[in-house]
Structure formats: structure tokens, C-alpha cells
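Participant: Each chain is listed here by its residues.
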Amino acid sequence: MGLPGLRPRERSGPGALPRAISALSRALRGRPRPETFRKAKFDLPEAVAELWSLLFSLLWPVHQEGAVAPGDPPEALEGQIRFVKWVLHCYGYGRRHFYQLPEVGSHGSYELLLAFSWLLVYLSLPERFLYLNCVYQGDDAWICSCKDLASYPVPLALSCKGRVDIRYVQWLLGKLRFQWRSLYASQQEQCTLLNKIHLYTRGCHPDPSIGHLSVPEIELLRFPESSKQMLQQLESENSCLEAFLEWKHMELVYWQWMDTVLDANPIGIPNADKQDVFLPEILQYCSPKYLTGEMDRVQKNLEALRQRLQETVNQQRAAWHTKVSRCSQRLPRLPELSTAMMKEIQKTVECELAALEQGCGVKSWSHRLQRLVFREAGEPSHSGTHQMTKVIQVLRREEASLEKTFRRLQEECQQELAILARGLEGVIWILPP
Amino acid sequence: MLPASCSHRLVTELQGALAACQKKEEELQQSIARCRVLLQPWEVPSPPSPEPARSTETKPAFTAHEPTPKELKELELLNQALEKALRVRKGISQVQSSKSASSGKVAPSLVTAQAGPGARPRTSNPKACVPAKPPTTSQRASGRLKKPARVSSHRGKAPGNALTHAGQPDNSMPIKGPAQLCPLPSQGQVLGLPTSTPVSVLREAGTTGPSPGPEEGKIQPGLRSEAFTLEEKGIQLQLPLFYKKIVSRNSSLWAQVQHYHSSADTAVAAAKARFLKRTKATFDLPGPAISLSEIQEEVTRLDQACHLLTQHLEETLDVNGEAATASLSWEQEYHRLVTLEGLQAAVERHLLRLQELRDAEEQWLGPRPVESSPWGSALGLGGKGSHGSTNCLVYTSVEELQTMTALKLRVAMLKQQIHLEKVLMEELLPLVKSESPAGPAQLALYRAIHSQLCEAGERFSILVRDEPSV
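Line order of the protein sequences matches chains C and E. Under our numbering, think of the first position of the first sequence as 1, with each following residue one higher. Under our numbering, think of the first position of the second sequence as 1, with each following residue one higher.
Be a bit skeptical, because a hint or two may be false.
[As the list claims (entries may be wrong)] Derived pair list, reagent style DMTMM-like, types lysine to aspartate or glutamate, alpha-carbon separation capped at 25 angstroms:
1. C/Lys196 with C/Asp207
2. E/Lys415 with C/Asp207
3. C/Lys323 with E/Asp318
4. C/Lys196 with E/Glu25
It should be emphasised that the hints constitute simulated quantities derived from the structure, not laboratory data.
Bound conformation, chain C alone (with noise of 0.2 angstroms):
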């Protein structure tokens, strides 16, 4: 698909790169300048305190994504510096030159622009970005639930040595509990307001596959001058969408010349000084202790589960030969499983556990924002809606899985108890009913 009124003699010749990186610039909301691109291939230092705001820039955005608690971004250029280095680090860049770059940011334009095509094509940048800051004019839904209450960092202020009395714990759960219950009431007010607002203004959406209007759209009619913000924002997005396909339409040409940048390299390799690198580890979830923690996690989570597979598989194994044995000794075949049947069973369990392995059909699109659109049981939806019906499906099974996970922790437990309150002498205890 081309860009109207750009035929493809125009994706070469002079004039072509400074135009596909303008675009690219755009794109990223006008933050490079191509003129800095040219000064970077012969490694002029005007331009690295321009790259090195441009590559932090577009590293912050991407790793707040993720965050449940979003930090603030460091001030200062040596701190931005240093946080570029780690996430590049990261993401496995190697080149040793980069990691010396002065903190100052005094030279070293040529290695931050190898860094930054680098990190185009690796994160696909460009891309990112629009996602990331997608503007949303819908009432949106998250059907995946990975990010609801999810714990984040507090500090603490712990006194009396650090320790606490269970009865503070207790309490702090009780306070949780409370908690889950004003969600809960929260959330079914929200849910009824919001369907008086799609009731009410049912046909006023100029799209009749969404039919009625969502609360920032009726917010840009009721306080019209407060929702220009919305509308800018959306304006902003159209322009950079825009450059980015025109980008799209010209990168080869920059690939191109990135290949007579490689070929430049104004410092020479290999890089004599092979100095240690240290970098401090900024972000916490990437750092090779936390790494450590979450694989053990997961290994015990998974050990637990082969341990109990085991067992159920060996009572499985057992109770079906006895009745195959049991069976064989009157007929000398099984009677009503012929061998054709067990493979096609096999086969269908494969299908099963390899649809389960790519996370299920839904969970593939559980992970994106929904626009919550509101149809009267009986009216005919449009294709490539998403049911609320197989979402509460889903969901159910979910909670009934959960539910037996945490009860079987429970017994665990139980069981772990009772062994001790046989050692109790002395003392009666008496289970709740």
C-alpha cells in the first residue's frame, strides 16, 4: 500500500534519506533531527546530547509500560545516560564502545547512532511508539486480569526493630479483605452507570457496528473545551501515523546508508581497550538477581505440579490396568476401545495440550484494550466482536481452577496442623464447623 503521490523513483535518489528521516523523526513525535543523523555518521559531538535525549525518551515510555508503579524519570543527563546503558544491556547490545561513552555525554555520536538503529530494528521502535501511545476514545475493558491488583513496591516503615505482632499481620489482612469488598461494590455501581450511559445515547455513533457513544466522546460534547485535549492528542497521533507509513514506505533507503555508516566507522575495531564495564542495574525487574528469584519461583511452582502429576499418574496407570487386566481375562480384547480409537485419542489430546502450549485462543486477545460496546440480546452483532458470553466462559473456568488451587493449599496446610496439634498436650483444640 503507497503512500498517494509517492511513486517509487522517489524512494532513491538525492534527497531521499534526509526525507525518510525526517519522517522517521515525525514519527517519533519530532524528536531527531535529520541534520543530527549526518553529524552522528562522522562522529561530530554536536550531535550527542541530541541522541542521548532521543534514545532516553523513547526508553522511559517503553519501560513505564510494563511497571505497576511508574517512577520518575531522572533529571539529570548523567542519570538518563546510565539507564539508556542498562537497557541496552539489557537487551544484549554489545558493543563495549558504548558502555565507555563519557556520562557527561561529551563524544560519542557515531556509537549512539548505531545504538539507536540498532534498537530500531530489535524493538521495533517506530511501531512501539504508536502503540504506546495509542489514543483510546472508547470505554475500555481489559478482559485479562494479569495486571488487576497486582502487588507493587511500598515503602515501609517498619518500628520496634522490624518486628511485628501476627495480630498487626491479621489485622492487615482483615483490612484486605475489606478492601476486595469496596472493589467489588465500586465496580458493580461503575458497571451500571455505564450502561445508562450506552442506553441513553443508543444510534448516536456514526459507526452502527459500535451504536452508541462512550464517556470521553459524550465528555467531548458536555465540557467540549476541557476534551480539546482528546482531540489533539488524536490529532498528533493521525500525524505521526501518517509519517511513520511514509517512513515505512522509505526506510530501505536508510538501511542503505546505515550500511555506509557501518562501513565509516570513524573509531576502528577492534576496540583496543578492553576495559571492565560496570554498570549499575537500574531496573529492577531485568536485573540478574531478581531474574534468579523469579526462576526459582517458577521452578518450585513447577516442581510442585510434576510432583503431584506423579501421583495421579501412577493411581491413573494402576486403576486402568487392573481394569484392562480384570477385562482381558474374559475377552481376549479390549471391547470397547480398539487401537484405531486410542490413537485418535491421542491425537486429540495432543491438539488439546498444543492449543494450551500457544495459551489459548483467547488468551491471545485478552491482553488488548476492548472497547465495551452495548448491544440488546436479539440485535445482530457484527463479525469479529468479542462475546461476552465465552469471556465469563473463560473466566469461570479460571476462578473454579483457582478456587481448587487455593483450597487444595488450605488442606496443605490443614494437614500440616494437625500433625502439630497432636504434640499439643494438654490442650483441646477444636475446629470451626
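Keeping the supplied structure of chain C fixed, place chain E upon it in accordance with the hints.
Facilitator: Chain E in isolation, oriented as in the chain C frame:
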């Protein structure tokens, strides 16, 4: 007293969980407040030149009324939500941050005006001299909701008073109410955008109207001079033309972006691959065999896989109920056995993969294999779909929506509960095992732990000291 390390971990985990709940609650309250504002009677938009003095002048008029405690509470919530919205908006628009500095003071006065009973009689926009046609749903409208504009002079009176004026068909009269009688300062002011902001968006979008005023008049005939509610006239609302234009341009652009994503240019792909390869050849820094971020992605994937496998196991065991194993048909029983064996194999595979990751992390290499971007594939999850309906989630009744959100909360809650249970088990069970003789304090600890671990803190067991009789 619990040991220090145990105390620290438990309190950290619990505070983290509480903070997560509170954050969610705040978001919900904010959304509720936004919805409520929209469901309340609508004031006709103010002209883009409000005098700042207006809000201060109106204040005394409302202090005469005693708001009910319920209203005060709502008011407080609204205030909180609006303040938050203001802060968020400020953060986004650094350009206008200097202008919106004064709006923080305005916000509370708005809400005072809205929530107080005296605020209900609405005045009309002084510039909206368009002869208004009577609302179609006037029979249903209660007096205080569809106040004729002239009643603005009675603003100090109670809603009951206003009711008597409701039926008067004086709305064809040009309204000459002075600006300061308008109880609502412009919303634009309230949310941190001064109304004097130039309407550049509108012009850029190529709209025909020079300012939102006339445009507004065109799109909403009959909605001009009366306060109304969404319930009465929501159906007559129409999105402004410029908004429609922007949105349709937006979706067509996204469609093109998606198209690019699905059909990659081979020449570009080759050039990019070549660049990656050439850069990689220059890597000279030792590091783990797999990059840290890739390890992190993999570990998250394995975690998720473990969760899914457990879920599948529970479901497999649940078919027909565990007790009814004997009554299973041959097929069912064989199916179950094969499934379990398959799950077992999958777990083994995952454990092996985890070991590989551990080895890779420890094994430091020089130039590393950076083959292709692990992120590119995940990108399909973002952005807006090519067509409006592809990202829609359709519900058919409020009950359905409530069930879904309740279930979602329940799932999130259970995950939190299971996580906490595991932490409590790790911290508290060793404590009980290690300490032997049972003093009263110790017994109280046992009882608390038992309640928490086995009964989710909802019920308690009874411990009776059975003193050996002499």
C-alpha cells in the same frame, strides 16, 4: 512477635497488596465520578469568554443552602476525581501547564455549585439567544431538571420553589441573564484548560465553523438553552463533524499500519537483517548467552504455562467428578490418562527449559547470538484494530457486564489470595514447627496461624486447656 525477616516480608507483601487494591479503587471512583457528572443535568456550554470573577460571585448564593451529608460525600468524591483528572491532564500537556495553574482553585467551586441543591436550577448560556424549541420529552422532565432560563433570578431558592416555575413556557424569550448568574463556571476552566485557548484543533481539522459556538448550534438543535439530562435527550446527541473526521482518518491510518505490519517488504527485511548481523559482528562485550530481557520474557512465559497446565489438570480431574472414576467410559478414562501423561511431559519440558535458562544466564559469552527481535511478534497485540468492531467486546445486559467484572475481580482476588497464602505458608509454618512447648502466647499464635492458613482468616478454632487433674 514474629521474627524480623518474617515480619518484614509479610508486611511488605500485605502493604503491596493493599496498595494495589487502593489504586484500583481510586481508578474506579474516578470513573464513577465521571459517569455521574454526565448523568446529572447538563448545563448548556458556556461561551468561550468567562470572567474569572464569576465563580467567586456565585459562591455566597449557595452557602445559604445546607447540603445533605450524602451530597457532601458525593461532592468530596467528585472533587477528588476532578483534582486527579486535572493533575493527569497537567502532566500530559506541558504546553498549557502554565495557563492552568489557577484552575486548581476553580475546581472545588464547580462541585460546590453542582452538588448543592441550590445549584439545580440551571441558568442558560447568556449568549445562547437562539429561540429554543421546547424539549420533546418535557412531560417526563422534572421541574428542576428542565428549568427555564429565567429562573436564574430565583437561584437562591430551594428546588421546591423552582418546581412552580417549571411549566411556564417562557423559553422562547431571548435570555438576558447576566453572566455572573450562571452557577457553573465553564467546564473548560475546571479541567485545567482555559476557555480562551485557541481552537486550533478545529481549524486544523478543516471544519467549516470558525469557532465551536456556531458549530455546537448546528449539531445540537433543540439542546441549546435548556438544562437536560442524558436520559431525556441522550439520543439526540451528535458527535461533532470535526471529531468524526479525525476518528475516521485515524482508523483508516491504523488500517494501513496494520497492513504494513502483516506484509513485510522483503528488501527492507533483508537490509535490516544485514544491519543486525553486521552490528552483531562487532559485539565485544562479554555477557550472558541470552540477554536478560529474553530470560525475563521466557520466565514469564513459563510461569504462565505452569498456571495453564495446573488449570488444565484441575479440569481433567474434574470431568464427571473425581468420585465417579469407576463410572467413566473406556474412552473417557483413556483420554484422562493420556492427558495426564501429556501434562507430565510438558512440565518436564518446561523444567528443562528453565535449567537451560539458568545455564545460559551463568554462561558468559563474548559476541552473543542476537538472532531476531523477540519483540516484533508481540507487537501485534497493541494498537487499534483495522476496523472499529475488531476490538469490541459486546455485552447485552447490565447483569452480564456486572457478572463479567465481578468474575474478573474474583480471579484477580484469588490470584492475590493464593500468592499471599504461599507467602504465609513459607513464613509461618516453619515458625510453628520450630517452636515446641506451648505457652499461652504460643497457643494464641498457633490459633491465629491456623485461622489464617486454613480458614482464610474468616473462622477461628477453639483451644481448650485441659489441665491434667491431679
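Participant: Assess, step by step, whether the Cα of C/Lys196 is no farther than 25 angstroms from the Cα of C/Asp207, and give holds or violated.
Facilitator: Holds - the C-alpha atoms of C/Asp207 and C/Lys196 are around 20 angstroms apart, at most 25 angstroms.
Participant: Quickly compare the C-alpha distance for C/Lys196 and E/Glu25 to 25 angstroms and report which way the hint goes.
Facilitator: Measuring from Cα to Cα gives roughly 21 angstroms; hence the hint holds.
Participant: Has the given pair, C/Lys323 with E/Asp318, been kept, meaning a C-alpha gap of at most 25 angstroms?
Facilitator: It holds: about 20 angstroms lies between the C-alpha atoms, which stays within 25 angstroms.
Participant: Take a quick look at whether E/Lys415 and C/Asp207 sit within 25 angstroms of each other, Cα to Cα.
Facilitator: Judged against 25 angstroms, a Cα distance of about 38 angstroms means the pair is violated.
Checked against the numbered hints above, the structure breaks only hint 2 and satisfies the rest.
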